[in-house]
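Chemist: Go ahead and model the full structure; you've got the sequences and the hints to work with.
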Amino acid sequence: MGIGSRRGRNDCAGRGCRIVCNATVEIGNPGLRLPLAVGENNMPLYAERPPLPSDDKRWRIVNGTMRKHGYSRNALIETLHTVQSSFGFLDEPSIRFVAQSLRVPLSQAYGVVTFYHFFSLKPPGRHTCTICTGTACYIKGSDKLVAQTEKVLHIHPGMTTPDGEVSFTTARCVGACGRAPVALFDGELSGQMEAAELTQQLERWTTQ
Amino acid sequence: MNVEELHEIAAAAQEERAKFDYEINVCMGTGCLSQHSDKVKAAIEKEAAGCEKKCHVRRTGCMGLCAAGPLVLMEPSEMRFGHVHEGDAKAIVASLGGDGAGGLDPRLDPHLGGYFDGQTHVVLENSGHIDPEKIDEYIARGGYEALVKALTDMNPGSVIEQISKSGLRGRGGGGYPTGLKWDTVAKVKGAQKYVICNGDEGDPGAFMDRSVLESDPQRVIEGMAIAAYAIGATKGYIYVRAEYPLAVQRLTVALREARRRGFLGNGICETTFTFDIDIRLGAGAFVCGEETALIASIEGQRGTPRPRPPYPAVSGLWGDPTLINNVETFANVAPIIRHGGEWFSSMGTARSKGTKVFALTGKIQRTGLVEVPMGMTLRQIIFGIGGGVPDGRKFKAVQTGGPSGGCLPEEHLDLSISYDALISAGSMMGSGGMIVMDDTSCMVSVARFFMEFCMTESCGKCVPCRAGTVQMFELLTKITKGEATHRDLDRLTELCEVVGATSLCGLGQTAPNPVLSTLRYFKHEYLAHIDEKRCPAGVCEFSPATVDAHRGEVHA
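Residue numbers (my numbering), protein chains in the order written: chain A, 1 to 208; chain B, 1 to 556.
Honestly, the hints are just simulated from the structure, not real lab data. Be aware that one or more of the hints could be misleading.
Unchecked claim - Selected chain B positions facing chain A (Cβ under 7 Å, derived; list incomplete): (1) S34; (2) C66; (3) G205; (4) R210; (5) G262; (6) G265; (7) G267; (8) A285; (9) G300; (10) A359; (11) T361; (12) G362; (13) Q365; (14) I435; (15) F449; (16) D490.
Where is the CB? At the ideal position from N, CA and C, for every residue including glycine.
Modeler: Structural data, given as structure tokens:
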């Protein structure tokens, strides 16, 4: 599949190959059959979808997103968004499930998850503290807020306290530059943040 | 839907408004909501319900002056109040029909320092005046007239002609003539074409697109529908950052409303024109603002750019001809069709027409959104509208164009804003972020900040950007630590040239700009770090060993 062909890029990424054959392959879950190749009209030779990973009702929401997009491979990012908003993060079983359901190679799904900053492979803490490090916030001293949070929580951005209480992340501009510097506590935006106020909020969480 | 029906809807909405003598609009944009404007609205509603004056309280999108939030706009008096608390509800309702702000807490400042004087609102004309989730309020202010006019009175060619005549250029930063782009896509043969709205506003320090999507989403939808008609597309996507949950929510509602009113779907306005729009969420990758990377992301892949040509106009989404424009560009389309291209081109400079929305932030008195005609000077915006630098500090630089732009010093304050003038000064228009810095900002650290941004946001596909940004970041770090030599500075300059000339996409090509512009205007700061181990702004900290070694050299 050359890049020159009209739909080549998509096919290569999505199915790996377009050699017409009837082979299937077992990945991970024994007995699960996935299409190894596609037949005419780009239709997969096998379209069996994997069973839900567990009885958790949230999987139905995930399935709903995929159904809404007709289990199309380009719904990968949308589906991963649904998994993350339902479960809080993406773990291996969930990435496998989405990849198999959408007939996307696991490598591609994992590649997408790790490419985009928004997706997290680690479960979040009970609370999240996000400091915006966009330009406007930087000019107004968000680096000091990051340092202060590191000092209070003893963790770096992208980590969760060992007790699983608070996750600390930084964001590349949340678009509230008029209120810089900005911090988000459990997704709630607080503007014109000062170190003292930040410490107070963090200590409220850590000493509970 | 035809013109008569549209006017009927508008008349009904006007009639609804006429039932009230007064309207109180409360800003419910992200900025004001974070200051609990929802509670302010509830308090005013409660107060208004218990008073005999006929008064309607409305939720609106961003009014612009985020620094003075929560904001309240009174109609018909057009008076605005800032810093409104729940406790002010009574006084505000009581002031209705009076002669202004008499009896109100002076904190509310009805003039807001003249922030709104000197602005010309085209893109933001409805922001703060309509409820973003009510399509009829948009129609009442002339909304969808342009789409109906285009579909019933104009052929695709004449729509493109008006856009070309208007002189509108891409508002995402590149400044490519919009009419030319539309014309190219329209001429390409293809059974399926797409319209994509680029709402991946990754540029840190800019929030124009978020604000437009939150306060007037129908305007963007209408612009996209007109574009689709002009180029012959049937399907559209709006790519929005997942970091903007409120914009996504308002857009979802707006799309549903537009479908309900028959502006999206099959056979729009009793013609054969069919068009619908889907939302695609970004996932936090700055590079996805680049059009080919954005297309890859919509296709469900990693957002990495590919070489152009072929341009998306020829081979875009799934290999089909695709038109990609920025949110603000689409927001300009409906007014152009409504008033004609000549009206639009009467504003602005010779080669940059119309108005531009800027996000004025940083060390400035009044932060927020401003929309001004092209050609206004930086001084007028920063010191006139923005009120200058607070706390008696001295203005040092203004940064425009985000990580792709540059920092302009005081000498350039009288520069008239246009695409070309900013580029010749070593910066660029970008999407419209305008960050003001005072003398407490170290320009080397600022350059390092942007380089760190480009380094972490580089997608890694091409070597110059992937490796070059890391090396430039290391060199800048060395300078801020006082450990650099003149050789490092030469190497940095050389790297800037190489990375700029050889990178695959705009991210890498423009990554050196913040360094180049600070080197051009603030070289003395670089030299102070290198030769004197001193940071003029007092931001960088040097290890005692470095400073001692330097002293030793000097005294030796």
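Chemist: Give a verdict on every hint.
Modeler: Hint check results:
1. S34: holds (4 Å)
2. C66: holds (2 Å)
3. G205: holds (4 Å)
4. R210: Holds: closest Cβ of chain A sits about 4 Å from R210 of chain B, inside 7 Å.
5. G262: Constraint on G262 of chain B not satisfied, violated at 23 Å.
6. G265: Hint violated; G265 of chain B Cβ to chain A Cβ min 17 Å, cut 7 Å.
7. G267: violated (23 Å)
8. A285: Where the cut-off is 7 Å and the nearest Cβ of chain A is about 5 Å from A285 of chain B, the hint holds.
9. G300: holds (4 Å)
10. A359: holds (6 Å)
11. T361: OK, holds: T361 of chain B within 7 Å of chain A, min 4 Å.
12. G362: The hint holds - G362 of chain B has a Cβ within 7 Å of chain A, the shortest such distance being about 5 Å.
13. Q365: Violated. Min distance 12 Å.
14. I435: holds (5 Å)
15. F449: holds (5 Å)
16. D490: violated (28 Å)
When the structure is compared with the earlier hints, violations turn up for hints 5, 6, 7, 13, 16 and for no others.
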